[in-house]
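Participant: Order-wise, the sequence lines are chains A, B, C and D. End of the first sequence sits at 336 in my numbering; the numbers just go up one at a time, nothing left out. End of the second sequence sits at 336 in my numbering; the numbers just go up one at a time, nothing left out. End of the third sequence sits at 336 in my numbering; the numbers just go up one at a time, nothing left out. End of the fourth sequence sits at 336 in my numbering; the numbers just go up one at a time, nothing left out.
There could be a bad hint or two in this list.
One copy or two, either will do: identical chains are not told apart, so a pair holds if it fits within one copy or between any two.
[Unchecked claim] Derived BS3-like pairs: lysine-lysine, alpha-carbon spacing no greater than 27 angstroms straight-line:
1. Lys33 / Lys168
2. Lys177 / Lys97
3. Lys97 / Lys33
4. Lys97 / Lys284
5. Lys84 / Lys60
6. Lys33 / Lys84
7. Lys168 / Lys45
8. Lys335 / Lys141
9. Lys45 / Lys332
10. Lys177 / Lys234
11. Lys161 / Lys234
12. Lys60 / Lys234
Read the hints as simulated data drawn from the structure, not as lab findings.
Protein chains: 4
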Amino acid sequence: MNSLGRIFKITTFGESHGEAIGVVIDGCPAGLKISPEEIQTELDKRRGGQSAMTTARKEKDQVEILSGIFEGRTLGTPIALIIKNQNTRSRDYESIKNLYRPGHADYVYDAKYGHRDWRGGGRASARETAARVAAGAVAKKLLLSAGVEIIGNVVQVGNEKGGQLNEKMKEIIARAKAEGDSVGGVVEVVATGVPVGWGEPVFGKLSSDLARALVSIPAVKGFEIGDGFECATKLGSENNDALVNQGGQIKTASNHAGGIVGGISNGENIVLRVALKPASSISKEQTTVDRDGQEQNISVQGRHDPCVCLRAVPVAEAMTALVLADHYLLSKISKI
Amino acid sequence: MNSLGRIFKITTFGESHGEAIGVVIDGCPAGLKISPEEIQTELDKRRGGQSAMTTARKEKDQVEILSGIFEGRTLGTPIALIIKNQNTRSRDYESIKNLYRPGHADYVYDAKYGHRDWRGGGRASARETAARVAAGAVAKKLLLSAGVEIIGNVVQVGNEKGGQLNEKMKEIIARAKAEGDSVGGVVEVVATGVPVGWGEPVFGKLSSDLARALVSIPAVKGFEIGDGFECATKLGSENNDALVNQGGQIKTASNHAGGIVGGISNGENIVLRVALKPASSISKEQTTVDRDGQEQNISVQGRHDPCVCLRAVPVAEAMTALVLADHYLLSKISKI
Amino acid sequence: MNSLGRIFKITTFGESHGEAIGVVIDGCPAGLKISPEEIQTELDKRRGGQSAMTTARKEKDQVEILSGIFEGRTLGTPIALIIKNQNTRSRDYESIKNLYRPGHADYVYDAKYGHRDWRGGGRASARETAARVAAGAVAKKLLLSAGVEIIGNVVQVGNEKGGQLNEKMKEIIARAKAEGDSVGGVVEVVATGVPVGWGEPVFGKLSSDLARALVSIPAVKGFEIGDGFECATKLGSENNDALVNQGGQIKTASNHAGGIVGGISNGENIVLRVALKPASSISKEQTTVDRDGQEQNISVQGRHDPCVCLRAVPVAEAMTALVLADHYLLSKISKI
Amino acid sequence: MNSLGRIFKITTFGESHGEAIGVVIDGCPAGLKISPEEIQTELDKRRGGQSAMTTARKEKDQVEILSGIFEGRTLGTPIALIIKNQNTRSRDYESIKNLYRPGHADYVYDAKYGHRDWRGGGRASARETAARVAAGAVAKKLLLSAGVEIIGNVVQVGNEKGGQLNEKMKEIIARAKAEGDSVGGVVEVVATGVPVGWGEPVFGKLSSDLARALVSIPAVKGFEIGDGFECATKLGSENNDALVNQGGQIKTASNHAGGIVGGISNGENIVLRVALKPASSISKEQTTVDRDGQEQNISVQGRHDPCVCLRAVPVAEAMTALVLADHYLLSKISKI
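Given only the sequences and the hints, what does the whole structure look like? Please build it.
Facilitator: Dropping the structure here:
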């Protein structure tokens, strides 16, 4: 279940402290110009160690292209991208290899599989998202050829909301960090240039596929499109977006719907938000159990993000791009 | 894109005013006892015409089993269920067949397909959800054999919140109806008895599959699991669920996570909520355009729900059941 | 596992003596003109009771369109087609409900599922192929819009080979019938008009998808494309098809490859053949066992085909059409 | 379309002269013991340069495990395996980069994608099969835990048939090689120990999935199960396998069916054969066209196999193993 997409399809692999993580993109059309640098640029946005507000784990996250691109253009064959794991300090984890960290997948993986890579969270590590970002770079390039751009922003940290990361939000993060704690937030993604008609009825709705893709990001606990939960409080007469004729084009007077109606894009900006819980790894002492069920205290050491929202921005953009790329291709064959 | 699920897989079909709607369930194990009455009971919960608060369209929604069940038990072959469309008043729609109803999929379907069944919303009608409920009845029965139960409730209407539908909520709905308007709300679904270990890493997370399934319900604009958007405002030390040993079993002291960690069930109750927008069909006059792009006023007549939340409850339960049934089967083959 | 196809995708359902059999086609583009008569015409080709050489079970096999077609054109939504089972004589099977018919799936279904519809073979009955033919009719219509036609023929019965069914073949069938026996044969399908470039590398090869689809037909035990098994005896210099320039078009001087190279169509006729075993249902006495493992003699009564090849022709055409329709759509998005 | 399987699912990638080829296995259960040596052993069987009868391209085909295996056992997460391309002599191909080799995919890839990696056949090279063999090694190990073994053999070269590769066959190959030519043949694969009940009705038949998988091997032009094309010449009374009671177990007295009835295994040996065309790369002069449509003579130099059957044996085994592993897992959830 490590695949996503119907036509533009990705399969990711890799454990946090294994040899490498990576992704295979199957279904990207031939002839798309893409350079290693374009992929690297996206990866660099996700990388830690860039400010006081992100983890100190400094990895180059150097992408290697193993296949699918020849003379600077895609071949129509699978594009395999890998990122070697280099700055892995497995020792950080050895002391807690038999302790289940609260909020982490340690316990559920052990229960499910009976065998677990305890080094750095293994497959459940957010490091896995680098592979998504690499694939997302290709999806973004494909979308760009269709005039679509995707921009993400942190729009809430703790109780502080705003159009993008501001000083107050930074303070909240700094305070959490100082206390060995972490804090949650909200990331918004806007896709511009999506024409009317992307998305498929019923179970392939654009909103539905976006929900799946975005909620699959580690720490995401909520998803909304357009006005989202705010809609619950509204009347139909307030919430419906009136259709208008703008210079010969059918548009909506407002965009409460976030660009998607009946699961299909309506030509307005696509606007979605995801709520991220505070990072589970905190150095503050917590109660937990070990593999034998003995209750223990735990303080998660290591290099962790006090607010995962910051690094989640390129990941949320990537997931949005992957879904849109898939629907872009599907939209080409919806009518005869 | 009218299919959902990997092993327990459904494909729905049907337009609102066509011959019939229906569903094919492929992948239900053989030997499950299920009667037509058990399916009908679920369908009856979804049916309109039952109170002043739902649409007056009174359909029997009589399910017919075409295949897959023999001598009261499933055969392991596809289960085809159909519901004939009977009480269809296509005339209600003829006057607006060239008008795009705001908030509805009329315009995007026309743009996408170039050819549209305008009678009652066609495929985009919420009537399509009856097929989901029928399939969900089979999923619920399968889950029951594994000790899992699923209960949904309306927990918010407009700004009024509560454990379930209360008098204040009913008043808000009645007021909207009286004004030819509609109102939004929130539905919560709780699944009890799910053991630890259901869900698959990365793109097959239980949370992620639930998000996709629930957001595919018409009018849903938001989804959250556990504390959802509330998590954004919390510190890690507040939000992490401490692991404890309860009589030899590993449990959590709280359930902020809503029963899912790292995409995998942890043995606690699974708790999710969806936000539904106010129904788009309102008799209040709105501005819109017709197929030629001419601006027009529209008042949507016909028999509509002033608050879709009420009838969304069995649908949300069904979608939850369908996802859980799929993961129940998958969980059986996760280790050697 | 009752689905086939990636974009043009079908899901069939139904037991031989249940309420109905049917198919849901998901992914057919909107706007395709198709009438009930066009589907019925294909079904009529498959029907029994038409000559001394096929089963006497005379069913109208009347198709009903439940969804997906409006005003004579496809909507882009799922097309559900059902055929009610009418002329079912379940009594014919009651005497052998505990006997496993040699060559039939009775025993393996019982072992696999523990619960079996013994009436007329249930899901394993060749009656299931009517649903494929109905779906194939839509695929054929879609292909016709792309200039592709598909023609099947019986080219071998017993040891008698020929371009199509001839008198000697008919004699062989008549003799088998007279002796309460059955005889095998070979069906060939030719698709004309397929342009260069359909088919996907590695696991989506046109040849590979055709093999899967054709071998899924009941009684098929062999599949070949182009010269097939004959290739095994050839030298490369004999078997390679030289590329030539025919009036500005690249063509091949011969067609040993059967129109597919590296899994992708090369613009020549696609030629495939399937070998069908003699029908398993024969009135001649055979040895078998019952559900308790007791050895018994069995003479399969009822209305059976002495040579299934004849009725397999439209089925083989349908399966070929379904695969080609899927690849036709996929081919539209292979390059940017 | 570079994926195969439903539960035990592989995705391969890589061009012949690119950085690497590889495979991601998704869905292998956790806890399976597997060592790098076990995978390498299978790869070594496929490698060229081992006798006068195979290509002189001597590659180590050294497998690297990037993920999914920890402390010698599978984690239940994706297993990524790569093989770097080392002994690539792209110069061999430069002279023919604008020439379409007869029998090869050069022309169809160019037509389909508009952009092609001409070095060594790119993605269409049989080198891609090394990734299948690596994945097949894991599948074989999983099957072994269920008591299933898979053995392949060359049973025909040119017109010479036999139980396995014999002196006469070697002579035929040597003669073809001496003449700058190639020769076709047949490979047989037998799977022992498969219990009754693997395979799924209609489109997931074991026979049908095997056909798809085996025909996807480069050069395969025919597939048969059990008596295959021979069945076409038989009467039902000759071809049906009588069911018998062997010491309390239901078995068949003969195995014309090749271990599969109605698409489901019946507990007998599974026996299949594939026909391979003579290798397309021959040094004998042939007629062809170049990218501009100009007719040219071509003599394909480089290091090629005079008979691909020899190296196809481990590939055919691998493909059989991959399909069986998938159905082994599926069979565990067929009844309640």
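Participant: Each of the hints needs a verdict: does it hold here or not?
Facilitator: Okay, the hints, checked on the actual structure:
1. Lys33 / Lys168: So Lys33 and Lys168 fail the 27 angstroms test inside a copy (41 angstroms) and across (52 angstroms) alike.
2. Lys177 / Lys97: Intra 24 angstroms, inter 59 angstroms, cutoff 27 angstroms: intra-copy only.
3. Lys97 / Lys33: Classified as between; 21 angstroms across copies, 44 angstroms inside a copy.
4. Lys97 / Lys284: within (18 angstroms within a copy, 62 angstroms between copies)
5. Lys84 / Lys60: Both ways: Lys84 and Lys60 sit 9 angstroms apart in one copy and 22 angstroms across, limit 27 angstroms.
6. Lys33 / Lys84: both (24 angstroms within a copy, 24 angstroms between copies)
7. Lys168 / Lys45: within (22 angstroms within a copy, 49 angstroms between copies)
8. Lys335 / Lys141: both (25 angstroms within a copy, 14 angstroms between copies)
9. Lys45 / Lys332: Answer is neither; intra-copy 31 angstroms and inter-copy 34 angstroms both fail.
10. Lys177 / Lys234: between (38 angstroms within a copy, 13 angstroms between copies)
11. Lys161 / Lys234: both (21 angstroms within a copy, 14 angstroms between copies)
12. Lys60 / Lys234: neither (47 angstroms within a copy, 31 angstroms between copies)
Violated hints for the displayed structure, listed by number in ascending order: 1, 9 and 12.
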